[in-house]
Amino acid sequence: MKLETMYQEIILDHYKNPHGKGLREPFEAEVHHVNPTCGDEVTVRVHLEGSGADAKVVDLSYDALGCSISQAATSVAYDLIVGHTVGESFEVLSAYQEMVQGRGKVEPDEDVLDDAVAFAGVAAYPARVKCALLGWLAFKDAVAQADENAPELEGQA
Amino acid sequence: MTALAPTTTGATLDVEKIRADFPILSRTVRDGKSLVYLDSGATSQRPYQVLDAERHFLETSNAAVHRGAHALSEEATDAYESARDRIAGFIGADDGEIVFTKNATEALNLVAYGMSNALTSDDPKAARFRVGPGDEVVVTEMEHHANLVPWQEFCRRTGATLRWFGVTSDGRLDLDPSVITERTKVVAFTHQSNVLGTVTPVEQIVAMAKQVGAYTVLDACQSVPHAPIDVHALGVDFAAFSGHKMLGPSGIGVLYGRRELLEALPPFLTGGSMIELVRMEGSTYAAPPARFEAGVPMTSQAVGLGAAVDYLSALGMENVHAHENTLTAAALEGLQGIDGVTIIGPRNTESRGGAVSFEIDGVHPHDASQVLDDSGIAVRVGHHCAWPLHRAFGVQSSIRASFYVYNTLDEVHALIDGVRRAQDFFARDGVSL
Ligand SMILES: Cc1ncc(COP(=O)(O)O)c(C=O)c1O
Numbered sequence: 001m002k003l004e005t006m007y008q009e010i011i012l013d014h015y016k017n018p019h020g021k022g023l024r025e026p027f028e029a030e031v032h033h034v035n036p037t038c039g040d041e042v043t044v045r046v047h048l049e050g051s052g053a054d055a056k057v058v059d060l061s062y063d064a065l066g067c068s069i070s071q072a073a074t075s076v077a078y079d080l081i082v083g084h085t086v087g088e089s090f091e092v093l094s095a096y097q098e099m100v101q102g103r104g105k106v107e108p109d110e111d112v113l114d115d116a117v118a119f120a121g122v123a124a125y126p127a128r129v130k131c132a133l134l135g136w137l138a139f140k141d142a143v144a145q146a147d148e149n150a151p152e153l154e155g156q157a
Numbered sequence: 001m002t003a004l005a006p007t008t009t010g011a012t013l014d015v016e017k018i019r020a021d022f023p024i025l026s027r028t029v030r031d032g033k034s035l036v037y038l039d040s041g042a043t044s045q046r047p048y049q050v051l052d053a054e055r056h057f058l059e060t061s062n063a064a065v066h067r068g069a070h071a072l073s074e075e076a077t078d079a080y081e082s083a084r085d086r087i088a089g090f091i092g093a094d095d096g097e098i099v100f101t102k103n104a105t106e107a108l109n110l111v112a113y114g115m116s117n118a119l120t121s122d123d124p125k126a127a128r129f130r131v132g133p134g135d136e137v138v139v140t141e142m143e144h145h146a147n148l149v150p151w152q153e154f155c156r157r158t159g160a161t162l163r164w165f166g167v168t169s170d171g172r173l174d175l176d177p178s179v180i181t182e183r184t185k186v187v188a189f190t191h192q193s194n195v196l197g198t199v200t201p202v203e204q205i206v207a208m209a210k211q212v213g214a215y216t217v218l219d220a221c222q223s224v225p226h227a228p229i230d231v232h233a234l235g236v237d238f239a240a241f242s243g244h245k246m247l248g249p250s251g252i253g254v255l256y257g258r259r260e261l262l263e264a265l266p267p268f269l270t271g272g273s274m275i276e277l278v279r280m281e282g283s284t285y286a287a288p289p290a291r292f293e294a295g296v297p298m299t300s301q302a303v304g305l306g307a308a309v310d311y312l313s314a315l316g317m318e319n320v321h322a323h324e325n326t327l328t329a330a331a332l333e334g335l336q337g338i339d340g341v342t343i344i345g346p347r348n349t350e351s352r353g354g355a356v357s358f359e360i361d362g363v364h365p366h367d368a369s370q371v372l373d374d375s376g377i378a379v380r381v382g383h384h385c386a387w388p389l390h391r392a393f394g395v396q397s398s399i400r401a402s403f404y405v406y407n408t409l410d411e412v413h414a415l416i417d418g419v420r421r422a423q424d425f426f427a428r429d430g431v432s433l
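First to last, the sequence lines map onto chains C and W.
For the first sequence, the UniProt record's numbering begins at 1 and goes up steadily by one.
For the second sequence, the UniProt record's numbering begins at 1 and goes up steadily by one.
Fair warning: there could be bad hints in the mix.
[Unchecked claim] Non-contacting residues of chain W with respect to chain C, defined by C-beta distances greater than 12 Å in every case (computed):
id: 1; residue: G68
id: 2; residue: T77
id: 3; residue: P365
id: 4; residue: D367
id: 5; residue: D374
[Unchecked claim] Across the chosen pairs, the derived CB separations fall in these ranges:
id: 6; chain 1: C; residue 1: V58; chain 2: W; residue 2: D176; range: 49 to 57 Å
id: 7; chain 1: C; residue 1: V58; chain 2: W; residue 2: A427; range: 53 to 61 Å
id: 8; chain 1: W; residue 1: G132; chain 2: C; residue 2: V58; range: 19 to 27 Å
id: 9; chain 1: C; residue 1: E30; chain 2: W; residue 2: D14; range: 42 to 50 Å
id: 10; chain 1: C; residue 1: L3; chain 2: W; residue 2: H56; range: 51 to 59 Å
id: 11; chain 1: W; residue 1: P177; chain 2: C; residue 2: D13; range: 51 to 59 Å
Source of the hints: derived by calculation from the structure; they are not laboratory data.
Using N, Cα and C, we set each Cβ at its ideal position, and we do this for glycine too.
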């Protein structure tokens, strides 16, 4: 059934037990994003070491109010980003964004996406794409604010 | 259920017959599920009678109205003006008190901008609308953004102060008498909340406003489609509603204004069709309603809305209201019978219309609506363009079911089953959320 395709166990697990939730110090930038159509909100802080694509994301801390998809997506983002470089994180984000915006026509690359591949089912529901991207795009924004040498995200204007 | 069969008292509607008029209702969604459309509060569906009227107009008489003297132009103008007459009759207004706009949002902005344009108008009649620092505009906490943000902007432009009536925990207006004062110049409020379903005491608020000489602006988006409305009897100065929420087309809305006030209100949008005389140095403006209808207007939409009010009039607005009341009562009872469901708004049908918003413990509205959607049930989720109201209730978002002439008790039961299913789905495998 389609519904279960979107609500994978792993998504519900992250929703129930989010990883890395809570706002922590230190951080170089904090951003607050809302989805104005539904009111979902997320606050994201990043703590970077270094600059540019090679900067390491030492911490990504967040507080969020929202549906299972937005909450779980932010929790998975935490897992996939912390300890990696900004360049690597942006590569995952690009692939992830392409997948969820792909209307089901994009074959996800599991090697790049790891657990985030669980969100492939969201692509069938355009109304939920914003939920799946809320935390990730907040992260991207926070990096841009924290580091003026932050790389551009692939495929972004 | 027999409640929906036509009865000799005429208190309800022949829903089966009505449904046959709405082609979209027979389609399926999400792998063959029958569509259960419970989102008419956002936009309603259109019957053949409306679709056919638009098509017939376009096939036979399409032309720019109020321009040119050829046969089609005359027919188009007649069709447009005839729609205006019938819409006026539908809400108890006179000819010349109905202005066509794009939607209710534009109609409300027309009033707000018309009034602030009075500050720079050289028409002495416009002086009555002048508002400035020290003056106050009163709205309510249950407004749709369409009747809130234009007044926030109005206050910013004029220097007036925005005040508002709060909302009680049972979803009624808290009509604190200290809110409307001698300083109040405008009272803008909704007739029926698009979230809570609450019907506000219009006469009482109008009386409060009249006592201090303030203009009243009624957001009638959720009342005109659902109950008999007589704007003269209500005594409001202005009222706004949208065609697409009353079986009519999108792209057309209505501003009602008391004739005397429309005569004095400066224009909002300017250009062709709204002028009296144009010279290079300056222009004078046509009498209302033309003064407020700049540019070539939407014509087939006006014709379609005319057909929609004919359709509703034939059903009888008393019957429409009674039918929705039956559905609302069933929904309120069914939803309150489910553990973990909380209604946001009045819990019975007294002074209440057919928008039922609720929360489900532990299931985010977005997720719940996804499960409902999977069963073919269309509801609205989010803050329904009433963010301050949701904040007042301490909720981030809610689920709203809204009913109209074509909905059945079976559909209400489908909603209730769907809510149970959403609870089960998110509690599955012991995942208690
Ligand atoms: C109470 C209320 N006011 C105003 C509006 C705005 O209507 P529209 O978007 O058609 O201009 C709506 C509909 O969304 C509404 O429900």
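Going down the list of hints, with the structure as the test:
1. No beta-carbon of chain C comes within 12 Å of the beta-carbon of G68 (chain W); the shortest separation is about 43 Å.
2. No beta-carbon of chain C is positioned within 12 Å of the beta-carbon of T77 (chain W); the least distance is around 40 Å.
3. Not every CB of chain C lies more than 12 Å from the CB of P365 (chain W), the least distance being 7 Å, so the non-interface label is violated.
4. Against chain C, the non-interface label of D367 (chain W) is violated: not every CB pair exceeds 12 Å, the least being about 5 Å.
5. Not every CB of chain C lies more than 12 Å from the CB of D374 (chain W), the least distance being 5 Å, so the non-interface label is violated.
6. At about 52 Å, the CB distance of V58 (chain C) to D176 (chain W) agrees with the hint of 49 to 57 Å.
7. Restraint check, V58 (chain C) to A427 (chain W): a C-beta distance of roughly 37 Å breaks the suggested window 53 to 61 Å.
8. Taken as a hint, the range 19 to 27 Å is violated for the pair G132 (chain W) and V58 (chain C), whose Cβ atoms sit roughly 55 Å apart.
9. Separated by about 59 Å at the C-beta atoms, E30 (chain C) and D14 (chain W) break the suggested range of 42 to 50 Å.
10. The beta-carbon spacing between L3 (chain C) and H56 (chain W), approximately 43 Å, falls outside the hinted interval of 51 to 59 Å.
11. The given range of 51 to 59 Å is respected by P177 (chain W) and D13 (chain C), whose C-beta atoms sit roughly 54 Å from each other.
Figure legend: structure checked against the earlier numbered hints; hints not met, in rising order: 3, 4, 5, 7, 8, 9, 10.
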